[in-house]
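Visitor: Here is what each chain is made of, one letter per residue.
There are 2 protein chains.
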Amino acid sequence: MTTLQDCRALDARDPLRPLRDLFVLPPEVIYLDGNSLGPLPRAAQERVARTVTEEWGHGLIRSWNSAGWYEMPRTLGDRIATLIGARAGECVATDSTSVNLFKVLSAACAIAKHERPDAKVILSERTNFPTDLYIAQTFCREHGMRLVLAESDALSERLDDQVAVLMLTHVNYRTGAMHDMRELTRRAHRAGALAIWDLCHSAGAVPIDLHAADADFAIGCGYKYLNGGPGAPAFLWVHPRHADRFEQPLSGWWSHAAPFEFTSGYRPAQGIARYLCGTQPILSMVALECGLDTLRAADRFGGMQALRAKSLALTDLFIALVEQRCAGHGLALVTPRDHAVRGSQVCLAREEGAYAIVQALIARGVIGDFRAPDILRFGFTPLHLGYEDVWNAVEHLCQVLGSGEWRGDEFNRRNAVT
Amino acid sequence: MTTLQDCRALDARDPLRPLRDLFVLPPEVIYLDGNSLGPLPRAAQERVARTVTEEWGHGLIRSWNSAGWYEMPRTLGDRIATLIGARAGECVATDSTSVNLFKVLSAACAIAKHERPDAKVILSERTNFPTDLYIAQTFCREHGMRLVLAESDALSERLDDQVAVLMLTHVNYRTGAMHDMRELTRRAHRAGALAIWDLCHSAGAVPIDLHAADADFAIGCGYKYLNGGPGAPAFLWVHPRHADRFEQPLSGWWSHAAPFEFTSGYRPAQGIARYLCGTQPILSMVALECGLDTLRAADRFGGMQALRAKSLALTDLFIALVEQRCAGHGLALVTPRDHAVRGSQVCLAREEGAYAIVQALIARGVIGDFRAPDILRFGFTPLHLGYEDVWNAVEHLCQVLGSGEWRGDEFNRRNAVT
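Heads up: the sequence lines are chains A and B, in that order.
Throughout the first sequence, residue numbering follows this note's numbering, covering 1 to 418 in sequence.
Throughout the second sequence, residue numbering follows this note's numbering, covering 1 to 418 in sequence.
It should be emphasised that the hints constitute simulated quantities derived from the structure, not laboratory data.
Where hints are given, some of them may not hold.
Identical copies go unnamed one by one, so any copy, or any two together, can satisfy a pair.
Within a straight-line C-alpha distance of at most 25 Å, the following computed SDA-like cross-link-like pairs (lysine to any residue) qualify [as the list claims (entries may be wrong)]:
hint, residue 1, residue 2
1, Lys-120, Gly-265
2, Lys-120, Thr-263
3, Lys-113, His-189
4, Lys-120, Ser-264
5, Lys-113, Arg-245
6, Lys-120, Cys-140
7, Lys-120, Ser-106
8, Lys-113, Arg-190
9, Lys-113, Ala-243
10, Lys-113, Gly-144
11, Lys-120, Leu-149
12, Lys-113, Arg-141
13, Lys-113, Met-145
Between the sequences and the hints, there should be enough to build the whole structure, so can you do that?
Guide: This is how it looks when you write it as structure tokens:
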């Protein structure tokens, strides 16, 4: 049996503990939703204020050069590259995940069409994040292709010679289950298909090595584990073997070989800049830079490997404490126990009241989230969470379940209108 | 002959003068580049800081609802609608101009293809802003269409039955010439074509009435005359007669009828929300809100009509003073003298040294910009500029031209490397 004292002892010897001070967190909150919106890096307050007052207010238009604004999609892309096993010059921070998926899906399908014109299938997972499926559905309708959805464990057998592109999210947003990127990419390639990886729920949370996996394209989110702030720019990576092969359809001026020549003819930039489109939101971009700084700070303490070790320890502890202390309350573990296939979140299913229980927890300051129809989802960010936080979160969960307070009118009302 | 005293007298009786205090402007700067990046609204400093520290830092994920983040593309879109002759629910603030152009171009061409399958031409202006042409070129290549470019005065005669879409920028970025939106839209419709208007250089600068012009689609920029900050989200308007007719290809979850049901099947939202895609950059969005507040503040002083009157007075004055005081220095007026076809900028061409002259002016604190190959471009934002500013800007221009200081090594060097 794990005790509160055990948790405090774990915190006392946690080498990553100093990283917590990089964030501003409300004292009354246990934040288990960094997988949806990462918390505020302390440095972002000053950095964003400086960008507003000095760079925009004083520098004005000159700051596009003098403050490095123009280079930010590439400089931040290079920073993100270090977190995902990519190299400098291969990644850009830009646009939204959905827009970036459209770009790489267009590229992957165009390359596939050229090489294997009869392969007309985009294969994905039935429980992939909806926006990925929506983008792919519309793309298929417009391009005479077909989106095939399979359960997670049936993906390999569906990888036949009809498949042009395998499009998967590395860590599932609803279950926290993590795919074996290397093995699935290998099987995709063996079938002749290209592999697109959505890293929204894994970049900054688990070690990723796109080159080792020999992936073809990747996209991901800036506002989850990268702590880039609400709606932070997303990112996009293309393997260098593909970068110059295709002109993606969102061919705005930032993707031009010489954007400031203002010529009327489109001439795509070489390399990853070709995947830019229009002008990027700089205030949100500098906040993302601060988010990336919090991950870089972890390098002194063992970097992504150390973060991963702590993430697994936190999720192991949460699972153990829920089973130890909330037994008999109808909670079912959805997230895999096996470390090799677990992301940095724990999801619990409950037939009744999942939404209301999450609301009751939030009212107590334990912020997780609900995912329809029956999932209580808890994200664990090792940069700022401690073991005692996990103890306290489970304590609140026990109390909510034991008291039945989630059955109250307030929560039912909110359940009804949301 | 206009004198400095005349200019001061004009400032003294300028009813819009108090609006200048809404902005933070460096005291040593005369800012004639608000058509490229609008200056900092004073209120944005506190507003962005509050969003960072309170909404993000304290509210965390809860702020998507409690701080209204989720609604911002629509609430800001409604605010922009009031500036462009559109109605609530017809406009969204989102993504970049280039991405939004791709959406509306896809919609317009799909509608045209359905109604007039033989019309395969997108007609635009040869000197349209390059990103619009780049997006259209790639779109045409992928969709079997043809981009035809005509000079401004030849557009009407090129509007034949081959034209599916007329795609124009209302005010030309290089010349400051303004199209007659109503007349060109009428001619487009008479030819059976749809009209897309890019309002980047006119929204917030000149009165626009999209409904009176019976336009079909419009897009525009948040960071120029809307003062939304570097890379602020752009906007997109669709006439209600078209809004539900087409599912645009960037069909991300924000365009879904019920995004938080997380269903795997795409079902587009009704109305303008269908033109959203992914999660938007909130820090940049709140700065845009502050920019829109500066335009709303003008309502007390006569609104867009009063701003237009002052804009024309400022550009008239600049033209007159340049001709009066810089004669013989090889400057040629590019911008039309006719008020009916002039935007809110004045462009001067000079065969030699245009880039270096602009650099010399910037070194003196007079910030305009250079547009290749030979244009000195000066934007006039009536919200903050005064008549004495115009006098002083021309005084500096005279001195730069008279002294030949732009011929110095420094400027030649910078010219060579940029």
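Visitor: Evaluate each hint against the coordinates.
Guide: Hint check:
no.: 1; hint: Lys-120 with Gly-265; result: between (32 Å within a copy, 19 Å between copies)
no.: 2; hint: Lys-120 with Thr-263; result: between (36 Å within a copy, 24 Å between copies)
no.: 3; hint: Lys-113 with His-189; result: within (15 Å within a copy, 37 Å between copies)
no.: 4; hint: Lys-120 with Ser-264; result: between (35 Å within a copy, 20 Å between copies)
no.: 5; hint: Lys-113 with Arg-245; result: within (12 Å within a copy, 29 Å between copies)
no.: 6; hint: Lys-120 with Cys-140; result: both (9 Å within a copy, 23 Å between copies)
no.: 7; hint: Lys-120 with Ser-106; result: both (13 Å within a copy, 22 Å between copies)
no.: 8; hint: Lys-113 with Arg-190; result: within (17 Å within a copy, 39 Å between copies)
no.: 9; hint: Lys-113 with Ala-243; result: within (16 Å within a copy, 32 Å between copies)
no.: 10; hint: Lys-113 with Gly-144; result: both (11 Å within a copy, 17 Å between copies)
no.: 11; hint: Lys-120 with Leu-149; result: within (14 Å within a copy, 35 Å between copies)
no.: 12; hint: Lys-113 with Arg-141; result: both (15 Å within a copy, 16 Å between copies)
no.: 13; hint: Lys-113 with Met-145; result: both (10 Å within a copy, 20 Å between copies)
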